[in-house]
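What follows is each chain in one-letter form.
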Amino acid sequence: MYHAIVFFPLVGAIIAGLFGRIIGHKRSEQLTSGLLVASAILSCVAFIDVAMNNNPATVNLLSWIHSGTLNIDWVLRIDTLTAVMLVVVNGVSSLVHIYSIGYMSHDPGRSRFFAYLSLFTFMMLMLVTADNFVQLFFGWEGVGLASYLLIGFWFKKPSANAAAMKAFVVNRVGDFGLILGMAAIYFTVGSLQFDEVFAAAGALSEGKFDFLGLTLPTLTTICLLLFMGAMGKSAQFMLHTWLPDAMEGPTPVSALIHAATMVTAGVFLVARCSPLFELSPTASAVVICVGAITAFFAATVGLVQNDIKRVIAYSTCSQLGYMFVALGVGAYQVAMFHLFTHAFFKALLFLGAGSVIHAMQDEQDMRKMGGLRQLVPTTWFMMLIGTLALTGFPLTAGFFSKDAVIEAAYAAHAGPHMFGFVLLVVAALFTSFYSWRLMFMTFYGQPRCSTETLNHVHESPPVMLVPLLVLALGALGAGLVFAGSFIGDGQAAFWGASIFTGPDNHVLHDLHNVPLWVKLSPLVMMMTGFIVAWVMYIRSPEWPAQIAAQHDLLYKFLLNKWYIDELYHLIFVRPVAWLARLFWKGGDGYVIDGFGPNGIAANVLRVTQRFVGLQTGFVYHYAFVMLVGVAGFVSWFMLAGGH
Amino acid sequence: MFNDIGLILPELVLFLGAMGLLMLGAFSSKDATRTVDFGAIILLLVAAVLSLTQSQNGYATAFNGAFVVDGFAALMKALTFVATAIAILMSRDFMAREKLARFEFSVLLVLAATGMGMMISANDLIALYMGIELQSLALYVVAAINRDSLRSTESGLKYFVLGALSSGLLLYGASLIYGFSGSIEFAEIAKAFQPVDGQLPIAMTIGLVFLIAGLAFKISAVPFHMWTPDVYEGAPTAVTAFFAAAPKLAGMAIFLRVMLTAFPDAIIAWQQIIIFVSFASMLLGAFAAIGQQNIKRLMAYSSIGHMGFALVGFAAGTQDGVSGVILYMTLYAIMTLGTFACILSMRREGGMVERIDNLAGLSQTRPFMAACLAIMMFSLAGIPPMAGFFGKLFVFRAAIDAGLYGLSILGVLSSVVGAYYYLRIVKIMYIDAPSEDDYQPMPRELSIMAGVMAGFALLFFVYPAPLIELSNGAAAALLNGAGTDVVTGLLSRP
Numbered sequence: 002m003y004h005a006i007v008f009f010p011l012v013g014a015i016i017a018g019l020f021g022r023i024i025g026h027k028r029s030e031q032l033t034s035g036l037l038v039a040s041a042i043l044s045c046v047a048f049i050d051v052a053m054n055n056n057p058a059t060v061n062l063l064s065w066i067h068s069g070t071l072n073i074d075w076v077l078r079i080d081t082l083t084a085v086m087l088v089v090v091n092g093v094s095s096l097v098h099i100y101s102i103g104y105m106s107h108d109p110g111r112s113r114f115f116a117y118l119s120l121f122t123f124m125m126l127m128l129v130t131a132d133n134f135v136q137l138f139f140g141w142e143g144v145g146l147a148s149y150l151l152i153g154f155w156f157k158k159p160s161a162n163a164a165a166m167k168a169f170v171v172n173r174v175g176d177f178g179l180i181l182g183m184a185a186i187y188f189t190v191g192s193l194q195f196d197e198v199f200a201a202a203g204a205l206s207e208g209k210f211d212f213l214g215l216t217l218p219t220l221t222t223i224c225l226l227l228f229m230g231a232m233g234k235s236a237q238f239m240l241h242t243w244l245p246d247a248m249e250g251p252t253p254v255s256a257l258i259h260a261a262t263m264v265t266a267g268v269f270l271v272a273r274c275s276p277l278f279e280l281s282p283t284a285s286a287v288v289i290c291v292g293a294i295t296a297f298f299a300a301t302v303g304l305v306q307n308d309i310k311r312v313i314a315y316s317t318c319s320q321l322g323y324m325f326v327a328l329g330v331g332a333y334q335v336a337m338f339h340l341f342t343h344a345f346f347k348a349l350l351f352l353g354a355g356s357v358i359h360a361m362q363d364e365q366d367m368r369k370m371g372g373l374r375q376l377v378p379t380t381w382f383m384m385l386i387g388t389l390a391l392t393g394f395p396l397t398a399g400f401f402s403k404d405a406v407i408e409a410a411y412a413a414h415a416g417p418h419m420f421g422f423v424l425l426v427v428a429a430l431f432t433s434f435y436s437w438r439l440m441f442m443t444f445y446g447q448p449r450c451s452t453e454t455l456n457h458v459h460e461s462p463p464v465m466l467v468p469l470l471v472l473a474l475g476a477l478g479a480g481l482v483f484a485g486s487f488i489g490d491g492q493a494a495f496w497g498a499s500i501f502t503g504p505d506n507h508v509l510h511d512l513h514n515v516p517l518w519v520k521l522s523p524l525v526m527m528m529t530g531f532i533v534a535w536v537m538y539i540r541s542p543e544w545p546a547q548i549a550a551q552h553d554l555l556y557k558f559l560l561n562k563w564y565i566d567e568l569y570h571l572i573f574v575r576p577v578a579w580l581a582r583l584f585w586k587g588g589d590g591y592v593i594d595g596f597g598p599n600g601i602a603a604n605v606l607r608v609t610q611r612f613v614g615l616q617t618g619f620v621y622h623y624a625f626v627m628l629v630g631v632a633g634f635v636s637w638f639m640l641a642g643g644h
Numbered sequence: 027m028f029n030d031i032g033l034i035l036p037e038l039v040l041f042l043g044a045m046g047l048l049m050l051g052a053f054s055s056k057d058a059t060r061t062v063d064f065g066a067i068i069l070l071l072v073a074a075v076l077s078l079t080q081s082q083n084g085y086a087t088a089f090n091g092a093f094v095v096d097g098f099a100a101l102m103k104a105l106t107f108v109a110t111a112i113a114i115l116m117s118r119d120f121m122a123r124e125k126l127a128r129f130e131f132s133v134l135l136v137l138a139a140t141g142m143g144m145m146i147s148a149n150d151l152i153a154l155y156m157g158i159e160l161q162s163l164a165l166y167v168v169a170a171i172n173r174d175s176l177r178s179t180e181s182g183l184k185y186f187v188l189g190a191l192s193s194g195l196l197l198y199g200a201s202l203i204y205g206f207s208g209s210i211e212f213a214e215i216a217k218a219f220q221p222v223d224g225q226l227p228i229a230m231t232i233g234l235v236f237l238i239a240g241l242a243f244k245i246s247a248v249p250f251h252m253w254t255p256d257v258y259e260g261a262p263t264a265v266t267a268f269f270a271a272a273p274k275l276a277g278m279a280i281f282l283r284v285m286l287t288a289f290p291d292a293i294i295a296w297q298q299i300i301i302f303v304s305f306a307s308m309l310l311g312a313f314a315a316i317g318q319q320n321i322k323r324l325m326a327y328s329s330i331g332h333m334g335f336a337l338v339g340f341a342a343g344t345q346d347g348v349s350g351v352i353l354y355m356t357l358y359a360i361m362t363l364g365t366f367a368c369i370l371s372m373r374r375e376g377g378m379v380e381r382i383d384n385l386a387g388l389s390q391t392r393p394f395m396a397a398c399l400a401i402m403m404f405s406l407a408g409i410p411p412m413a414g415f416f417g418k419l420f421v422f423r424a425a426i427d428a429g430l431y432g433l434s435i436l437g438v439l440s441s442v443v444g445a446y447y448y449l450r451i452v453k454i455m456y457i458d459a460p461s462e463d464d465y466q467p468m469p470r471e472l473s474i475m476a477g478v479m480a481g482f483a484l485l486f487f488v489y490p491a492p493l494i495e496l497s498n499g500a501a502a503a504l505l506n507g508a509g510t511d512v513v514t515g516l517l518s519r520p
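Chains as they are written, first to last, in this note's numbering: chain A, 2 to 644; chain B, 27 to 520.
Just so you know, the hints here were simulated from the structure itself, not pulled from any lab data. We treat Cβ as the ideally placed atom computed from N, Cα and C, and that holds for glycine. Be aware that a few hints might be false.
[Stated by the list, open to error] Residues from chain B that face chain A, not an exhaustive set, calculated with beta carbons under 10 Å:
#1 Glu180
#2 Leu191
#3 Thr231
#4 Leu234
#5 Ile238
#6 Val248
#7 Phe305
#8 Leu310
#9 Tyr446
#10 Leu449
#11 Val452
#12 Tyr456
#13 Ile457
#14 Pro469
Using the sequences and the hints given, assemble the complete structure.
Structure (structure tokens):
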């Protein structure tokens with residue numbers, strides 16, 4: 002069964018990718034989607050078997066690298082953590098496959114698209130089923146590749162290519178950390194197998210190692226390096242810049258990769274390495290800070306964005322920050338729970354946004370939308386459910402998971418948890434505001450688009466609406482159904498050995514006993530955000546412009562995403578470009594070409610002309626040369642060599 | 027006495043045959059060119075077989091040590107004779123169309139081959155001079171055989187004047203050596219010319235320089251090469267084809283023999299000269315050829331460069347080096363003859379063309395000719411897996427083993443420069459657009475020759491062992507003086 006779960010997507014990717022031209026678009030779509038649905042159903046079975054019935058499994062596939070002391074096997078490790086990810090990945094992926102049949106119906110490169118989607122799914126499965134760091138890294142890079150291919154799917158658009166490259170390059174920065182972390186682990190533990198590394202965690206926390214004259218605490222260094230990788234993949238503050246740009250890709254891609262699955266790989270990595278992070282308070286504190294700042298930062302930027310997908314992208318970024326705060330305070334289960342529910346409602350929001358964009362003939366600017374509620378009622382309703390879940394409306398999925406994150410941040414004892422708590426609460430306010438702003442600008446008020454576009458607005462076909470419906474059910478019910486197992490009383494049995502919590506870690510217990518005001522704060526924030534949004538966009542639609550004009554500096558600051566891209570451009574891109582130009586023009590062009598190939602070639606010609614010029618055609622010249630030669634040799638022997 | 031006659035049998039056959047053919051041509055009532063040509067080819071092939079069978083005798087001398095027969099001589103003579111025969115075969119169509127078909131041409135070539143044979147077998151200074159003059163006189167005449175062409179006569183005259191000068195240098199050197207050593211025999215000279223306290227007698231060294239100048243002239247090594255481009259360009263193309271192959275083989279053979287048998291202990295002296303000459307030849311061959319527009323002139327510089335490469339192995343002075351030179355010269359002769367088979371086919375309605383530009387688009391108009399020429403160019407440039415690559419490989423390996431790193435590196439670098447002009451011809455043939463008028467079809471014997479040579483150059487790497495073993499055997503025979511039986515040794519190989 003596990004073989005099938007993992008390899009069905011690969012089979013689909015290979016067939017659709019290599020033989021898509023032969024079997025045609027329609028069959029490629031059906032084949033990949035069918036295989037994914039089968040894989041998703043099997044994943045649910047596996048989830049029940051592994052997580053509910055507590056029956057983890059390991060499947061030996063083949064031995065991969067055996068070199069000296071480095072032994073790496075290709076093993077599928079199926080524990081609860083993996084099972085949760087299997088459901089998320091295959092569930093969302095299968096729905097996105099089906100949705101894409103409708104969404105991409107006019108695209109000439111559909112087979113390729115589905116091949117990429119399936120390839121991505123396979124790589125993500127490789128990542129989550131990894132039994133060692135190298136296998137994880139294989140999946141990690143694989144999803145990076147698939148993400149690159151899918152962001153740049155419309156490769157004729159220069160902006161899509163730029164975004165794809167940006168995603169790849171920024172991820173390399175994080176991957177660099179991950180590689181270093183893996184190297185440090187192998188250097189200190191001598192193995193990359195999860196169980197062996199985790200077993201050595203206790204010893205590592207005591208250890209120190211020397212690097213370039215610095216003495217570093219081993220475990221903290223490793224954790225921080227691993228977290229650097231997680232930051233890149235999960236678009237955390239400072240390494241987040243690629244995620245909004247990645248929205249250049251087709252919307253189903255955004256839903257699958259940049260909301261539900263790939264970006265949560267960092268969260269998964271930290272949760273998987275909970276035995277390491279548990280023992281490194283410093284690293285956990287860093288995780289809290291970065292997560293909280295990301296949650297806050299992305300939410301502020303989301304307040305003023307006008308592109309419907311960018312709003313959701315920043316929202317994703319922000320929600321990932323929530324998950325990292327939960328990880329940092331030791332509530333790994335809560336983080337995974339939020340990951341789980343978030344996958345539903347964020348995919349729902351993205352696919353809903355895709356449905357809106359589809360209806361509006363590829364218009365993404367919310368300022369040109371409005372009043373679409375009557376025109377696309379089903380989409381509106383789905384988006385409403387997604388928004389409710391995201392903002393944490395009682396009994397929806399977000400209500401359980403997000404509030405649990407905030408409560409965990411308050412209840413924890415370790416590190417800067419109050420810092421995290423405050424920022425998360427504020428971010429909850431912003432979340433509510435930008436979510437409702439999105440709803441109001443898109444679906445309410447007067448239509449702001451051209452009449453011609455308006456006349457063509459139509460509800461999406463059923464093939465796109467059914468996946469929305471399934472996700473909506475998840476967004477509504479996932480929290481209610483699974484809260485008990487994920488973070489409630491049944492959590493210990495549910496997670497089994499897949500997540501490690503230290504003996505002093507009672508966050509999960511304590512979060513149920515926080516004061517009432519803490520429990521109510523997210524709800525209050527949600528209501529406040531809703532009201533403010535309603536006032537500004539329904540009651541007095543002229544306010545936002547006025548406020549923006551009054552606080553021009555702040556507005557510009559937020560609109561330009563805290564100028565981080567500009568800052569990076571100044572600090573990294575320009576110096577590197579300058580250096581590259583120097584090496585290109587100066588080093589390669591002037592020095593190497595000038596004195597190398599081109600210079601030599603030019604000199605060859607000069608020498609040639611000299612030599613040709615020697616051949617005058619006069620016999621006495623020729624005789625002269627001969628005699629000079631003889632005289633030269635004789636002189637040589639008489640003066641130097643003749644002795 | 028009879029034994030002596032047996033040893034000079036190949037040369038004797040050639041000489042008497044040449045006389046017979048001369049009589050036939052002179053007294054025949056009708057035009058006997060065709061008969062004489064084929065008679066000459068048969069004579070040369072017979073002589074080649076005879077000289078190969080002679081190697082069974084091992085090392086033997088005749089006429090009081092003036093004439094030597096050994097495995098080295100046998101192999102080099104056979105190669106020279108065959109190369110001459112091929113040159114005659116390839117010249118027939120050309121000579122007929124250029125209205126130069128005269129029976130004297132073949133007779134002269136046979137006489138030149140006789141001279142070359144005597145040269146290769148020379149074992150003292152007098153025999154050396156006699157052989158060189160015999161072949162040179164014939165060559166001067168064939169260079170000017172197109173009497174009505176100003177360029178042909180000019181080239182013949184230049185060749186003659188400069189050749190006379192080089193003979194003078196050689197004779198002057200020979201007289202110095204004789205004066206010092208008191209002998210003209212190579213073996214005796216070797217005994218007299220010993221370094222004393224690590225120093226060589228200076229007068230003898232000067233004699234050696236003059237001798238080398240005379241010999242280097244024959245293989246057109248820099249700075250004694252100046253005649254080559256003019257003679258190659260001016261002489262009728264069929265004659266150039268002959269010049270480029272057989273005399274070079276013979277010249278290199280006698281050069282090797284003189285240095286290694288008469289001056290084996292003076293290697294510290296002549297090695298320096300050879301290194302310089304080799305280096306200068308490679309360099310000049312590579313650079314000057316780039317500036318050429320005429321393909322015959324280009325081939326002249328190409329052959330100068332190739333002599334430089336062969337001399338790299340010579341400079342090593344070891345058995346491997348000599349073996350490499352022999353292999354290199356053999357492959358060079360094959361490649362050159364194949365190339366000239368193509369050049370001899372560059373004939374349009376109005377006559378022969380010689381400019382490199384004229385080859386533009388040849389791949390479309392004459393694909394077979396273009397393919398053969400392209401293979402030859404790749405091989406001459408030394409690009410693997412063509413035959414030319416192996417020639418270079420062996421000489422450079424010998425040089426490296428002998429510690430001549432600088433020369434090897436410079437050699438490889440100049441072969442890079444040289445590759446440019448070879449590949450330019452390929453580019454012109456395959457990429458440039460063809461011109462209006464088409465080439466006439468390749469004459470049959472030329473297309474066969476070009477095809478065979480190209481096939482050899484292309485497929486040599488499949489089974490290179492026989493030729494390599496022949497070269498090794500010949501080199502061993504030359505260096506050890508012992509009776510190494512080259513041919514039967516090879517044939518009886520397990």
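Verification of the supplied hints:
1. Glu180: With a closest approach of 9 Å, the glutamate 180 of chain B hint holds.
2. Leu191: Check passed: Cβ of leucine 191 of chain B comes within 5 Å of chain A, closer than 10 Å.
3. Thr231: 5 Å, holds
4. Leu234: Since chain A brings a Cβ to about 9 Å from leucine 234 of chain B, closer than 10 Å, the hint holds.
5. Ile238: Cβ of isoleucine 238 of chain B sits 8 Å from chain A, so the hint holds.
6. Val248: Holds - the Cβ of valine 248 of chain B comes within 10 Å of chain A, reaching about 8 Å at its closest.
7. Phe305: 13 Å, violated
8. Leu310: Because about 6 Å separates leucine 310 of chain B from the closest Cβ in chain A, which is inside the 10 Å limit, the hint holds.
9. Tyr446: Holds, about 8 Å.
10. Leu449: Given a least distance of 14 Å, the restraint on leucine 449 of chain B is violated.
11. Val452: Not OK, violated: valine 452 of chain B not within 10 Å of chain A, min 18 Å.
12. Tyr456: 21 Å, violated
13. Ile457: 19 Å, violated
14. Pro469: With a closest approach of 32 Å, the proline 469 of chain B hint is violated.
Checked against the numbered hints above, the structure breaks hints 7, 10, 11, 12, 13 and 14 and satisfies the rest.
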